[in-house]
Amino acid sequence: MNKKTDGQTMTEKIFSAKAGRRVTTGEYLLLDVDVALANDITAPVAIKEFQKFGGREVFDPDRMVFVADHFTPNKDIQSAQQVKLVRDFSQAHGIKNFYDVGRMGIEHVLLPEQGLVKSGDLVVGADSHTCTYGALGAFSTGVGSTDLAGVMFTGKAWFKVPEAIRVELFGNFAPGVSGKDLILHLISLIGVDGANYRAIEFTGPGVAQVSMDSRFTVSNMAIEAGGKAGLFPVDQWTRAYEQERGIEVELMDADADAVYSQTIAIDLSGLEPVVARPYLPSNGEKISVLEKEEIAVDQVVIGSCTNGRMEDLRQAAAVLKGRKLAQGVRCIILPGSQEVSLQAMREGLVEIFINAGCAFSTPTCGPCLGGHMGILADGEVAVSTTNRNFVGRMGHAESSVYLASPMVAAASAVRGIICGPATLGIEQE
Amino acid sequence: MLREGRVFKFGDHVNTDEIIPARFLATSDPVELAKYCMEDSRPGFGQREDLEGSILVAGENFGCGSSREHAPISIKAAGIGCVVAKSFARIFLRNAINIGLPIVELARTDEIEEDEFLKIDFDSGELVNTTKERKYLINVYPDFLQQIIRHGGWLPFATANLTPARVLGQRSGHEA
Ligand code: SF4
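Taken in sequence, the protein lines are chains A and B.
For what it's worth, this note's numbering labels the leading residue of the first sequence as 1, then goes sequentially.
For what it's worth, this note's numbering labels the leading residue of the second sequence as 1, then goes sequentially.
Some hints could be false.
[Stated by the list, open to error] Listed next, the in silico DSSO-like pairs over lysine-lysine satisfying Cα-Cα at most 30 Å (straight line):
| no. | chain 1 | residue 1 | chain 2 | residue 2 |
| --- | --- | --- | --- | --- |
| 1 | A | 160 | B | 9 |
| 2 | A | 160 | A | 84 |
| 3 | A | 160 | B | 86 |
| 4 | A | 52 | A | 160 |
| 5 | B | 35 | A | 48 |
| 6 | B | 86 | B | 9 |
| 7 | A | 75 | A | 96 |
| 8 | A | 18 | A | 75 |
| 9 | B | 119 | B | 135 |
| 10 | A | 292 | A | 324 |
| 11 | A | 75 | A | 160 |
| 12 | A | 160 | B | 135 |
| 13 | A | 286 | A | 321 |
| 14 | A | 52 | A | 96 |
| 15 | B | 9 | B | 132 |
| 16 | B | 35 | A | 52 |
| 17 | B | 9 | A | 292 |
| 18 | A | 321 | A | 292 |
Hints were generated in silico from the structure; no laboratory data involved.
These numbers were taken from a predicted model, which means no experiment stands behind them.
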């Protein structure tokens, strides 16, 4: 089998389309990016670099997107100054895609939702979870601040075409299991550097069973395995999602004979809810094991760029409907965008959350990075639908975070111990 | 481009906290950062007088951990001419090139030891261990990446070569 195949991975296809010729894995390329993103922490650094090197005008203001989501609505004077810098710069340079309080959402929920990124795009973002848009079949990846400043000057960034790992999905999720469980399971298999410098490509008959919102969750956490991107094929579901935003896209999948560095097969029907113990996202454990440990919970966070979309809130609401939080448990709901907030309100979900005793927030990163709006105290335990559970991630260095799906998080809030929805007698779709 | 110098040898998974610990991140001044280069894996390393032109050699996954650009900056500012490792963590690799620090991926770094001398020719793609008289082929960067490194980084290169005049204002020293 020394014969070289003609097959291309999704990664190679997207880079080939952007380069205007067939590219191969390992090649370095200088390419125009479709979108370059930064947030209220990283944009100021890039703007200062741009100014230091004599930048006068931004190369193409329409390709820049700035989202003020981390410390907003501004939590202190310093964060207010940061956002003011980005706001003033955006105004001076005609960057219309500056998302301020009232319009903004968490960047990785907002950009796909607003149609700012689309299938086949090449996207860089000064935020490691930029890999989220792989769910649409876009090649998008996190970069440093110098890269962002470079896009402001030239519209371009440089890339090395990465190798890819193929994850073949079969079967369908059992009730109570979702994309979060799939990605936590995968990271526990390959480790936090299992995909370093490689893209993860999801394929196989099971892909059609993974909803768009679950795909965003899965792609979002590709970086937690060190992945440069986490790509899904562009199928009928992607096409329907894009059409709702007035975007027409071509179907795209990797070729059957594409060359991968590794192939992993996962049967979705064999998965049960997975929870990652502190202090690494790769510490995935089956819910049935954790339930026996009866781990008491102080705070539950449902939302973020990982799980702050409608499907996530619907699943959490289905668990919380007509129930109350356990005594002593706080639960904070972080919708991913204004659109998600509005829709949650229309569907009556907000009422369910508030009746259960939850706090319903405006969109913000908030406690996800230990910023504000729900910081943990010494010794506290949180169950969170976010993506990182490193030491001190959500507050005090002696606090701990368990990463879970919205259904597990909601069920844990109701019982006050880490558990799945099945223990409440809920059989969910 | 040529790099020639003495080897300082490190192990696998050298992370960005070892390269430049977070307690020294209050500044982004390269001269200050250089002083604490590799401080937590070899205390006092950044203060040595003989780092200029030397070559760091390491194992797998060099530069893993956070995305701080301070890590490659401290290595470069310490005068180290090149880092040779079996592999690099992705964002470190990117940041190193963006700030103009030459790096080389070489699978057989186990054969290179502390205090040996290396000569790396980036144009011909040859790395020579002059102490052991052993030669290795290395992947040559495409022209534009070599140019980025020669220019001292991505922004100096991009502003000099790719930036239209209307985007670039008059550069006068340190205007902010
Ligand atoms: S929600 Fe958390 S992980 Fe996502 S962008 Fe915000 S801080 Fe980062």
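Hints versus structure:
A hinted pair counts as satisfied when its Cα atoms are at most 30 Å apart, and residue 160 of chain A with residue 9 of chain B qualifies at roughly 27 Å. Between the alpha carbons of residue 160 of chain A and residue 84 of chain A the distance comes to roughly 35 Å, so the proposed pair goes past 30 Å and is violated. Simply put, residue 160 of chain A and residue 86 of chain B have alpha-carbon atoms about 17 Å apart, close enough for the 30 Å limit, and the pair holds. With a C-alpha separation of about 27 Å, the suggested pairing of residue 52 of chain A with residue 160 of chain A holds against the 30 Å cut-off.
With a C-alpha separation of about 25 Å, the suggested pairing of residue 35 of chain B with residue 48 of chain A holds against the 30 Å cut-off. Our distance criterion of 30 Å between C-alpha atoms is met by residue 86 of chain B and residue 9 of chain B, whose separation comes to about 12 Å. A threshold of 30 Å between alpha carbons decides the hint, and for residue 75 of chain A with residue 96 of chain A the separation of about 24 Å falls inside it, so the pair holds. Taking the CA atoms of residue 18 of chain A and residue 75 of chain A, the gap is near 40 Å; set against the 30 Å cutoff, the hint is violated.
About 10 Å separates the Cα atoms of residue 119 of chain B and residue 135 of chain B, which keeps this hinted pair within 30 Å; it holds. Taking the CA atoms of residue 292 of chain A and residue 324 of chain A, the gap is about 22 Å. The hint holds against a cut of 30 Å. With a C-alpha separation of about 38 Å, the suggested pair residue 75 of chain A and residue 160 of chain A falls outside the 30 Å cut-off, and the hint is violated. For the proposed pair residue 160 of chain A and residue 135 of chain B, the alpha carbon gap of about 26 Å is at most 30 Å, so the pair holds.
Restraint check for residue 286 of chain A and residue 321 of chain A: the C-alpha separation of about 25 Å stays at or below 30 Å, so the hint holds. Restraint check for residue 52 of chain A and residue 96 of chain A: the C-alpha separation of about 23 Å stays at or below 30 Å, so the hint holds. Pair hint residue 9 of chain B plus residue 132 of chain B holds up; C-alpha atoms about 15 Å apart against a cutoff of 30 Å. Between the alpha carbons of residue 35 of chain B and residue 52 of chain A the distance comes to roughly 24 Å, so the proposed pair stays at or under 30 Å and holds.
Distance check on the hinted pair: residue 9 of chain B and residue 292 of chain A sit about 47 Å apart at the alpha-carbon level, beyond 30 Å; violated. Using a Cα cut-off of 30 Å, the hinted pair residue 321 of chain A and residue 292 of chain A holds, with the two alpha carbons roughly 25 Å apart.
The earlier numbered hints that this structure contradicts are 2, 8, 11, 17.
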